[in-house]
Amino acid sequence: HRLVDTSLMVADPATGRYRLLFTVRAFLTDEIERLGETKSAHARFVERCLVVAEQIHDQMFGPDEAAADRRLREELANFRSARDLGETDARVAITLAANRVVTWRDLREIWAWATELADDPSLAEHTRSPAILAAAAEAARLVGDFDLAEQRAREAIAIAERDPEALSRAWSVLAVVAHFRGDFDSARMHWLRAAQSPVDTSAFVGSAALAAAYGGDTRTARQLLDQAAALATCGSHDAFVAYVEGELRVNSQPEESVPRYVDAIAIASRVGCSFVDGVARVCLATARARIRDVAGAAEGFAYLIEFWRRTDQTTQLWTTARNAADLLAGVGQPKLAALLLVAADSTPGAAAVGPEIARHSGRAWTPLAELVDETTLEQIRSELAHLGTAAVLDRTLVKLKELVAHQT
1 HRLVDTSLMV ADPATGRYRL LFTVRAFLTD EIERLGETKS AHARFVERCL VVAEQIHDQM
61 FGPDEAAADR RLREELANFR SARDLGETDA RVAITLAANR VVTWRDLREI WAWATELADD
121 PSLAEHTRSP AILAAAAEAA RLVGDFDLAE QRAREAIAIA ERDPEALSRA WSVLAVVAHF
181 RGDFDSARMH WLRAAQSPVD TSAFVGSAAL AAAYGGDTRT ARQLLDQAAA LATCGSHDAF
241 VAYVEGELRV NSQPEESVPR YVDAIAIASR VGCSFVDGVA RVCLATARAR IRDVAGAAEG
301 FAYLIEFWRR TDQTTQLWTT ARNAADLLAG VGQPKLAALL LVAADSTPGA AAVGPEIARH
361 SGRAWTPLAE LVDETTLEQI RSELAHLGTA AVLDRTLVKL KELVAHQT
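Start counting the sequence shown at 1; every next residue gets the next number (the numbering used here).
Where hints are given, some of them may not hold.
Pairwise CB distance ranges (calculated) [unchecked claim]:
{"hint": "1", "residue 1": "N78", "residue 2": "G36", "range": "33 to 41 Å"}
{"hint": "2", "residue 1": "D58", "residue 2": "L387", "range": "42 to 50 Å"}
{"hint": "3", "residue 1": "E37", "residue 2": "L387", "range": "55 to 63 Å"}
These are computed hints drawn from the structure, not numbers from a lab. Cβ coordinates follow ideal geometry from the N, Cα and C atoms, glycine included.
Assemble the whole structure, with the sequences as input and the hints as a guide.
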């Protein structure tokens, strides 16, 4: 309190954290150097960050997830500095402890740390190389590079026999890739294999339920989802279960799916689980489109296109775009819808979709032939080549926001 009163330290009443003013920090850094204590001070700082990262890892999968999420975001700058200051083992340990909890969070900087480690040839024989490869595989699939994700996941599996957590994560990555490619049977099997890990078991079983549902096996999906609900240990797991509950209803009872998605969004937002928040919003917007809530659907799609672009999650971006195209086609915008679908088809990281997948999932399928004739389609392909996908998304955002304004 005395340091705060004399303005040598600043207190943040919202978080209960303290920081040094720049001039004070510079003076103290000079003093540490003058006393010859820089190396030991750095070592203490790195050790402290490693302890905090491991504490966050342990707390994130329990009832204190919301507090752990806030702490992770508050400590991010410290972790960044500690990685720069620490020896190799400390850099690896901090990266992996922080990385394991961000699968469902929009902290792409931490994904990039894992990629950086995997790209470092000096770490190829590191004792934690299975976990490094699994984390880098996760990072690759999050940004839509499925080939690299699969390659690194298989490399991790080949050497991860003594690291069950890395092994489960690698199997989960293979499951996600299969899921987005439309191979739901393989996705379900891979996720159930991943569920043998003691960490994130509920999420893996819940994901297997989702794959079963998308494959048309609703009975197995229900059994697996009930298991996932019983295994849930944190808010992210509860949110994911609520989201999949919505997916089990959206095609046959879209009105009943809406409150499940709303529940998933509310739970996810409370604990900082931005990924489940996002995917549930995609499905909520799609459900609203199906029940002809044009303004609600358009507003949801516009928000999500901006969110996925900001967080660099290619696969979710183009799933959202395809579903938005279905809405646009239904409100008299067939050319823009076709342009959006052609752009999605040209993007390697977009999830597979077809009439059978759309029948059992929340992914929309709109045949281009139903929107425009062949001559117009060729013109649209030329227009895309000239504009680029970014401009197509910009144009889509303008139209979606116009729909919101017009409907309200």
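Consistency of the hints with the structure:
1. N78 - G36: 33 to 41 Å: Since N78 and G36 have Cβ atoms about 24 Å apart, the given range 33 to 41 Å is violated.
2. D58 - L387: 42 to 50 Å: holds (48 Å)
3. E37 - L387: 55 to 63 Å: Given about 58 Å between the Cβ atoms, the range holds.
Consistency with the previously given hints fails for number 1 only.
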